[in-house]
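Engineer: These are the residues of each chain, in order.
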Amino acid sequence: MGSSNKKKREKKKDFNKAKLKVGKAKAKAANFTDTSFKSKSIVVNQHTLAALDGVDLVGLFKQHLNQAINSKSDKLRQEALVQLTKDLSSKPIFNPVGVPNLLTKLLPLITDSVANVRTNFLKLLRALPPSDVAPHVEKILMYIRGGMTHLSTDIRSDTLSVLEWLIEVCPDETVSCPGGWLKTLNSFSSMLGWNPSVASTLSVKGWTSATKTSLNKVSKKNGEAQAKQITILAKFLEAGFRPETPLPYDEQRYWDSIYRMPTVPNPFAYLNLWGAQRDEDGEMYPDRISRQQVFDRKWRAAIKTGVMGAKQEGGVIGRAASVLDKVLRNAAGEGVKTVVEEKMEEVEEVEEVEEVEA
Amino acid sequence: MPKRKVAALEKVDADLVSLQYKIRRDPKSYAQEFYDQWLAYDAQRQIFISSPSSASSEDNKKFHDLVDLIAHCADLYPDVTAPYFDQLKELLTQHHAVLNPDLREKVVGSLSLLRRKDVIDSTSLLTTLFPILISTPSKSLRSLLYTKIISDLRESNSKATNHKLNRTIQTVLHNLVTSDRTSTKGMWACRITRELWRRQIWTDARPCDVMKEACLSDNEKVVIGGVRFFLGGDKEREEMEDDSSDEEIDIKKVKHQGTINKKTKKRQKAMEKAMEKIKKQERKKHAPHPLNFSALHLIHDPQGFAEQLFQKHLQNTKCKFSLDNKLLVLQLVTRLVGLHKLTIISLYPWFTKYLTPKQPSVTSFLASLAQATHNHVPPDAIEPLVVKIANEFVSEASAAEVASAGINAIREVALRQPLCMSETLLQDLVMYQKSKDKGVVMAAKGLQSLYREVYPELLQKKFRGKEATMGLKSGEVKRLKFGEEQVESGIEGIELLEKYKEEQRLKKLAEKGEDADGDAKMGDDEDEDGFNSDEWEVASNDSDSSTGWINVEHSDDEDEGPAAKKQRRDSSTAPDLISDEAMAAAAEANRISKLAMTTILTPADLAKLAELRREAQLDKMTGNVSKRRQELIAKHIEDGVTADDIELPAQIGKKTTKEERVAMAKDGKPAREEHKSTQAIRKSKKEAEGKSSTNKEKARKKNFLMTVGKARAKHKRSLVDTKKRLTAHIARSKSGGRRRNGMN
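Keeping their order, the protein sequence lines are chains A and B.
Sequential numbering of the first sequence, starting at 1, is according to the UniProt record's numbering.
Sequential numbering of the second sequence, starting at 1, is according to the UniProt record's numbering.
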């Protein structure tokens, strides 16, 4: 009984006219939505509203490119990079913006704070055709140097992977572009703590010299990282000291180099006609002999002592150091007997050719 | 491009701020880390320079942080960071137009940080910033650079004047103004010079020279900048000085708060700061006033400057300055002419065109004309102008305001060169005191009283007045011929100073005598000879000049003083006492020469002398001297004439509206928003100041029920008890009125 009365009252209530009282707020309507809240950020569930019909492939590519740089979510950046990689590795290569633009936009990602983005970026770089990368080596190296001395060790080691890729793809350009040789070596030595210039600036009077501080402590992880650093340094030096094979004489190429338009972007880079004046570190060292000379003068002693120390540590680092030591010794040996060897090789080649002809 | 948000976890790994903190704490151990960052900075810089205009926001941010880190640690590793300054300089000078605003600001900030850490000197900083200041199109950058430049100049002149730096910068500014006279770049020279002048950092002739060149520029803005400096720069400087000493700290309040409030470090620091400030203010108060010359006096070759200014901007018909600006230039030219007594004859005919009532802001022209007049101007040059003013402005038909302005202008001109007037004209003008308008009457009377003093012969006999007639008869009032100067023998008013000093000395002696009576010593003869010495050597004179009977002596002296004066005054009116007067005058002359010869007058003495002279002049005018008159006398001739001076008499006859009267009545009184009793206002004011109520007030407000018990108990006391209380009360009031422990 009671309950039915109650229900009746409640039903009636809907049709009663609400009384307005002086000094009291009007009752809110049943379908009232409170909009008085404030928020600092809004979560958007989908990031793009563009129709994905697959018609505008160019637009899509550009959208991915923008997402890869600007997006706040690392997942999105990563996915965008994956998409871009897919496009670049498709069989006619799909790249509507061109490699230079792509690189200018994406290179800051070398020091991205998220590891996955960095690895995906490296994958994207690997998808690029080596011949297109060659003209931009100088620029890539700038970013690499910036990353090599980054505060975070993870970024440092990932940057080294990029350098490794670059050495694989275009070794000659890497070591011979302006600043590519000495400045990169600077970064390496700073990274490994084998830097004589830092010790001299400190002018330490005491009997201890603590070059390895908090960030470079030898733990297991750091040990592996250091081994990687030494390995890549060895690769870098190997690329720098690789004996150049002289090109066989070709009459057509000779005349082309004199009268034809050059095919490379900046053929007279070594003259440095337009850029700012370069200092010793930023100079180009285009051939092996000059590289070796400047290396002997500035870095051999420092790196040798470093290698000795690393060898004594043994383990992974020691093994890497012995590889580096080998490279150094080879280079030194070649430096002495280059002329003789080359002559011997030439003689052998000539003999071979003659044999074939015969 | 928007900046990406950095999550908390990312920060931990690569936090440049904490690295900076660590480096600064222990530079030796973190040398390797710093070197890493230096290389990173270098790489980032290369990236930026390879494409300055299209740098991504990410790169900018990174570069910004690295520049900041290096700047803060640059002083710790001077060898590594040796090229840092040059790199920043190059970056800013070559790319300031395309640099991201944040980054640009950081680079400028880093440069001034390097200066503060003494890595670079002021000259290299200023020579870097200055060219950018005048070439950049960005307003925010300009204002940033301007403040940096000013603050650096202030900083480097704070301990001692850095003459070398000042000279370098002044030369740069001078070259800036003179190299391209048509460009507006000179504005920056004007602004910087004016600011430093205002702050009394530059006070010598060189900045004036820069401004002089600015005045002679071809660009209107630059010219006006320079002219305004000369017309208003000194006043601005004085105002700035006044402002700085305005902030008063109530030391009593601070001390009181110190005793009451809880003692915290913060409060103690605030207290120390306040004390320091007060000490500083005291020191400033007692410091000798810096004798800064006004910019107008420091100009080299004022004649040439005034002539050039006049020819270039006023006489030249091709000059298209606006009227306001022309008036400013005219003000400066005439001010120079009046102040330095220059002769520019072509200036006076030039005025003719502008002296009509219909000319806009004609009062300014009239004021300028008065300013340009001095006693070396030939009367022939001014007379036509005076006649023209009289014809154009002063007639029965013209409006009262116009007429009064005209007469007043003529009076101002005649004040400086009385010979510019012909007899008939003067008589005509003086007759205007019969006018109906009060302003015109006042102006005409002013003219009449002026001529009574300087040239009474020109007035009709009935207008000469008693004093002038008598003066004419006795030959006391003499008109000066053209070119004749009133020559003062010796220092004008030195006798006033002497008298003042004597009075001061006697007063001091009297005080001393009262302090230590009983000690009888003779030694005042000595004192009287070199009386000035005791002003300077008070301590040494202490022992021998404090006696009882000196007191007596000096009282005699004082009696004698006024008597002698009275005598002298009498003698001047009665001619039969001439011999007495002559003797007194001779004695006076003797004494004066002694004062001037025996003592060196200090700047304070000279200031006092000027004050005394002014007072004496006021005294000379018998009867009640009008406020306006006092102002006129107090007004220094260097202040120049303004349009307001000319317009003033026209205001006299005007009736004020009710609003004006109310405003005048309210002026200087505290604001009251609502109708309240005075006590209520006072009370609310007290409350606002944070002061508490009095004991009486507290007693009055106390809850009745709390007091009723005690009142009842008092009724029930026995007589003995009452007596005890009363005696205790008396004893207490004798020992300071306080209850002690264990006492009632």
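It cannot be assumed that every hint is accurate.
Stated by the list, open to error - Some chain A residues near chain B, calculated using beta-carbon distances under 8 angstroms:
{"hint": "1", "residue": "T33"}
{"hint": "2", "residue": "S36"}
{"hint": "3", "residue": "F37"}
{"hint": "4", "residue": "K38"}
{"hint": "5", "residue": "K40"}
{"hint": "6", "residue": "I42"}
{"hint": "7", "residue": "V43"}
{"hint": "8", "residue": "P108"}
{"hint": "9", "residue": "H150"}
{"hint": "10", "residue": "S187"}
{"hint": "11", "residue": "G193"}
{"hint": "12", "residue": "N195"}
{"hint": "13", "residue": "G309"}
To be clear, the hints were calculated from the coordinates, so they are not data collected in a lab.
Built from N, CA and C at the ideal position, the CB exists for glycine as well.
Engineer: Evaluate each hint against the coordinates.
Structural biologist: Hints, verified against the model:
1. T33: Violated, because the Cβ-Cβ distance from A:T33 to chain B comes to roughly 30 angstroms (cut-off 8 angstroms).
2. S36: With Cβ-Cβ at 26 angstroms, over 8 angstroms, it is violated.
3. F37: 22 angstroms, violated
4. K38: At about 19 angstroms, which exceeds the 8 angstroms cut-off, the nearest Cβ of chain B leaves the hint on A:K38 violated.
5. K40: Hint violated; A:K40 Cβ to chain B Cβ min 11 angstroms, cut 8 angstroms.
6. I42: Interface hint status for A:I42: violated (14 angstroms vs cutoff 8 angstroms).
7. V43: At 13 angstroms from the nearest chain B Cβ, A:V43 fails the 8 angstroms test, so the hint is violated.
8. P108: 4 angstroms, holds
9. H150: It holds, given that the least Cβ distance between A:H150 and chain B is near 6 angstroms, below 8 angstroms.
10. S187: Given a least distance of 6 angstroms, the restraint on A:S187 holds.
11. G193: 6 angstroms, holds
12. N195: 7 angstroms, holds
13. G309: 15 angstroms, violated
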